[in-house]
Amino acid sequence: MPELYHWEPNANSGKPIIALIEKGVKFESRYTDLLEFDQHKPDYLAINPNGTIPTLVHGNNVLAESTEMGEYIDAEFSGPPLRPEKPEERWRMRWWGKFFDGYFGPSLSMIGWSIFIGPSVRDKDPEELKRNIDRIPLKERRDAWRMAIYNTFTDEALAESRRRVLRGIEIFENALGERPYFAGDSYSLADINGFCMAYALPIMQAEFVNQEKTPNLIDWLRRIYSRPAITETFKLGRTPMAARADEVRELIGGGGQ
Amino acid sequence: MIELYHWEPVSHSARVLICLQEIGVDYKSHYVDLLEFEQFAKEFMAVNPFAQVPVLKVNDVILTESSLINEYLAETYPDAGLAATDSLGWYGTIIWSKYIDYNLSSSLATLGCLKYLAPMLNERDSGELKDAINAIPVAERQPGWQMAADNAYGDEQVGHAERKTELAINRMEGILADSDWLVGDSYSIADIDTFAMIVSLQDVASEIVNRDAAPNTFEWLDRIADRPAVKAALATNTKHETGKAFVPGPEHSRWG
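The listed protein sequences derive, respectively, from chains F and D.
This note's numbering applies: residue 1 is where the first sequence begins, and numbers increase by one.
This note's numbering applies: residue 1 is where the second sequence begins, and numbers increase by one.
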């Protein structure tokens with residue numbers, strides 16, 4: 001049985017959780033607490049030396065890139081397809097993956113880390129925090145943690161991130177006016193990845209994401225929220241982050257419970 | 001009909017030019033002169049609103065992002081054998097190209113612009129150049145051009161690009177010590193996507209990318225450069241000597 005090391009059903013961890021559940025694949029869930037720095041502890045680094053979450057272990061195969069992990073899951077396991085048949089729709093699915101990972105995600109994540117992750121760990125013992133940071137294998141991740149913990153984000157960087165989030169929302173809205181799902185006529189990994197980033201936008205960016213301003217995006221969110229796999233996915237959450245899903249459902253009237 | 005909008009056979013444009021030559025498919029070429037800012041002109045932005053080449057147009061379908069175009073080509077022309085088809089092999093191919101996109105593309109752009117673009121821009125009328133940069137309709141793209149125009153590459157920027165290049169070369173040396181190719185046991189789009197960057201890095205980052213420091217990488221480079229399709233693609237240069245012209249590329253990651 002595949003094992004999935006993940007944190008909250010959110011951002012990168014959410015992607016393979018949803019994909020596995022959509023495919024009907026039974027897996028061992030290994031909750032890895034990002035706020036306790038579990039992903040930088042020796043046991044975890046023995047599995048994924050980069051210390052990033054999530055990691056999928058399937059037999060001898062160890063996979064650590066969450067977006068591309070979806071393609072592996074879709075190809076490897078039976079169950080409903082999560083990639084379109086048409087080559088150009090597959091291209092479009094990957095284009096969105098790149099847009100989420102390279103443009104929208106990092107900006108949204110910077111804001112999320114400044115308002116949630118940083119404050120969540122800042123009260124821990126300073127010496128212990130320093131030790132935890134020094135243990136992080138990737139320089140980029142060390143820099144990100146330092147910025148979040150010591151709150152050294154510049155105003156310019158946060159403003160640019162906010163600008164990109166709003167630009168991203170505009171791009172989503174236009175695209176979802178052209179087709180019901182990101183890649184085309186059918187639900188795909190692009191929607192799964194997009195949902196992991198966008199599921200809380202109606203409450204986090206309420207002024208910009210609502211029925212009046214972004215009807216296509218709200219309709220799409222309703223369609224995704226109504227999927228049984230999404231309800232199952234949020235049951236794996238342990239922090240108030242996952243509870244936001246219920247708040248959004250109440251707000252926009254999505255199905256499922 | 002297949003049409004390709006591209007610039008010189010360097011970096012991202014080179015990737016798709018090579019891949020099309022390998023497959024042996026005919027295409028109509030549209031040269032977009034990036035140094036004349038044709039990528040920001042209305043006509044081209046109607047094709048790609050993100051103002052980037054290459055763009056592959058297949059009948060009416062527009063495809064962008066060089067590594068994703070090559071993934072499309074590999075899947076559409078399976079007989080060319082340019083990517084593994086098993087789940088793990090495909091995953092390995094696409095994560096490698098992504099790694100190169102995030103690490104080597106932006107590093108090559110920085111180092112290439114430092115060596116070739118900044119001196120070229122220095123010869124232009126600075127007032128006209130400033131106006132042209134301010135008129136770039138994609139906000140994210142202005143700082144890269146401004147930096148080249150001002151030749152303002154600082155130690156931090158160059159050091160970052162060199163560090164990323166060194167890390168990638170070390171990884172490649174490890175892989176190529178045991179294998180002729182980067183992913184699996186045959187030549188693939190992972191090799192093409194990487195070659196398009198390394199072939200220029202041996203010039204603009206010669207302290208890091210050289211035969212003594214990276215012998216395995218150089219043997220691999222030679223193997224690929226010998227391929228007729230690669231020779232043909234690199235010979236499509238139009239206004240500049242191949243590998244001597246660069247434009248600001250994708251920015252370095254802003255957040256971990």
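To be clear, the hints were calculated from the coordinates, so they are not data collected in a lab.
Glycine is no exception: its CB is placed at the ideal position from the N, C-alpha and C atoms.
Just to be clear, a hint being listed does not mean it is correct.
Here are the simulated distance ranges between beta carbons [unchecked claim]:
1) F:50 to D:207: 49 to 59 Å
2) F:240 to D:41: 46 to 56 Å
3) F:47 to D:152: 37 to 47 Å
4) D:1 to F:85: 53 to 63 Å
5) F:50 to D:28: 23 to 33 Å
Coverage of chain D stretches by chain F, computed from C-beta distances (three or more under 8 Å per stretch; other residues unrestricted) [what the hints assert, rightly or not]:
6) 60 to 73
7) 248 to 255
query: Can you name, in rising order, the numbers of the hints this structure does not satisfy?
result: 1, 4, 5
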